[in-house]
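One line per chain: the protein sequences are U and E, in this order. Residue 100 in this note's numbering sits at position 100 of the first sequence, with consecutive numbering throughout. Residue 155 in this note's numbering sits at position 155 of the second sequence, with consecutive numbering throughout.
Accuracy of the hints is not assured; some may be wrong.
[As the list claims (entries may be wrong)] Below, simulated BS3-like cross-link-like pairs (lysine-lysine); rule was C-alpha separation at most 27 Å, straight line: (1) E/K260 with U/K112; (2) E/K5 with E/K227; (3) E/K227 with U/K107; (4) U/K356 with E/K260; (5) U/K158 with E/K293.
Since the hints were made in silico from the structure, they are not lab data.
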Amino acid sequence: MKIPFSYTFRNLWARKLTTLLTAGGMALVVFVFATVLMLEEGLRKTLVETGSYDNVVLIRRSAQTEVQSAIDRAQAALIESQPEVAFGADGERMVSKETVVLVNLNKRDSEKPTNVMIRGVGPHGLALRPQVHIVEGRMFRPGASEIVAGRNAAERFKGAGIGETLWFGQREWRVVGTFDAGNSGFDSEIWGDAEQLMQAFRRSIYSVLVLKLSDPARFPELKARLESDQRLTVEAKRETAFYADQSEVLANFIRYLGLTLSIIFSVGAVIGAMITMYASVASRTAEIGTLRALGFRQRSVLAAFLLEAVLLGLVGGCAGLFLASFMQLFTISTMNWQSFSELAFSFTLTPAITVKTLAFALVMGVVGGFLPAIRAARLSIIDALRAA
Amino acid sequence: MYYFKLIIRNALRHKLRTGLTVLGIVVAILAFGLLRTVVDAWYAGAEAASKTRLVTRNSISLVFSLPLTYASRIRQIDGVKAVSHANWFGGVYVTEKNFFPQFAVQAATYFDLYPEFVVPPDQMREFMRDRKGALVGRKLVNTYGFRIGDAVSLRGTIFPGTWEFVVRGIYDGAEAKTDTSQFFFQWDYLNETLKKAAPRRANSVGVYIISLASSDRAAEVAAAVDKTFKNSLAETLTETEQAFQLGFVSMTEAIVVAIKIVSFLVIFIIMAVMANTMAMTVRERMAEYATLKALGFGPRHLTVLIFGESLAIAGFGAAIGIALTFPVADKFGKALGSLFPVFNVNPETIYMQIAASLSVGVIAALVPCVRAARIRIVDGLRSIG
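With the hints as extra help, turn the sequences into a complete structure.
Okay, here's the thing in structure tokens:
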């Protein structure tokens, strides 16, 4: 026969301070665990959404990032004329020949300098990224010293807001618009006319080429042909894969650091649960004896105490998750080591993370409660009754 | 002495509980120490920076270079003692996972500016003589097993192609905080190769390093350098080496802040565990405390007993935790390889660990202590834990 649930629940209720402290410790661990998963998810989402599946990014072989890459005009023309490239509504090929540089700008709040990506895009640059929309002001005019800033860039960097001006490359650039890129990496960038930026930076070569495939399935063909062409020194990647690779180091860092911390911290919380449960068993020895004498089986006693520990874990887990859900209001902005530029991303809570976090909390409860529960179940009836 | 004995006896009454609590504190103090060390490692570059060196770079950003001709103009500026230059190479050794910084440096002058890199004179001579020579740090030697005479090839990410080097010398750090995970080679080798392969990129310099006659004039000289190149094609930005290094730290500040917050969270977690232990202990002993009171011992006596026990447990755990911090940090630093060039436990970390454990001990005893001191003898004697 099972011991009623209300017995377990009341036991926790009777020792409010102890329950609160134990569950509180667990909640903090769960909070750290959930926050790390949310951060990783936010980073992944930001960079995955930066690319689209039917776009291809071409960079110089072994350049790794857009900033390090270089593609000259002859190579660009060759790539542009490939048969897999889609045609736009204007009958032109859907290719954006871009120049990407880093510029030091100061943050608005701290005046500290940081690297911001400035992207010079071609006429099709906007059409290739359907997620990018101008939300305020207008697009830059080709041929003018005008730029538009991503939502996060406009907010964070001094001089990047609409109507403000930035000075670089011996020119003053007017910010004429702000764009929203649907929480993707482009939100941290500033865009201008590729030809104007190249002149300002005294460059004659492009950094990257982005093109749209007429049929996404033809990517392997195009990649094989371009990469084996003796006249070219390029590497082709799907835009989605390219941006996922860009965040690999940062994502791994967050994951490993976060998981190591969660494991170490959970040791503390499990110990807390164990202490509580052992004390709970010790102070209820006579009660356990009575229960056994009444005919409850060892199994039932074990189950009741395990349930108590799991309940403790659940309370901690829910509290931790509740706290962590507020982290969604925050945006983190840090330098991505690989691209060497500032990237903003937010904490993202998904159903999968909720499940993982609660499972983690329950496991902590079970691990902490297991040994004490066994002790409770193993008590001999006579000794236990005599303890009172 | 009498108190001491009583406190120890009390602490050992529930061996399992005390043992678990101590274990928890050991883990927490150790984790706290490691996290603080990670934060310190973040600032290590800035910490090791000299006050008498300035770094000049392109004002747009580090991605843009400066003309080689600036060297002689900088040298003419009043207050400048010596000038050298370096380029970030950014090559890949075998696979991308093996990251370590590589610099093409003007060999003749660079090491005069950096006396903290200690190279045996004969190795230095060999390095100077060989255009393809390389100087590697002790930490790289330990990680990758480089030996003198080894051929090392790097795949360039900024400068395309495969670049061959021969290890001609190994340098040590003059101090523990010196970064010995860097790979130096001759700037001339880079430049001569670029002249042939990509002439437009030749004769350009990543950063100029300026040695000052006196550190008092840093701001003045920096301003003078930037003024010299104002309104040119490549405007400069000159700052002290420390500010230059701190610039990197501030770009990843969000991560440092997160680690700092988390390092305090672990203390809060263990505070909850410890407070729970003390609360349970005191609750179980209410009848005893009442007896003591009935015998004429005052609340002060109980306070000493409870605080003493809490502090003894926290202190014991902390002592083990602090002792473990050193070997674990050492292992951790080795496992991370060249990710953190300098990974040492600072004395401040130890002080913070001690302070954290003291506050855990005191705060955990606070509420139980008040309860015990306030309890009325009659109620206490009636209490059954």
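Earlier hints that do not hold, by number = Of the numbered hints given earlier, those the structure breaks are 2, 5, listed in rising order.
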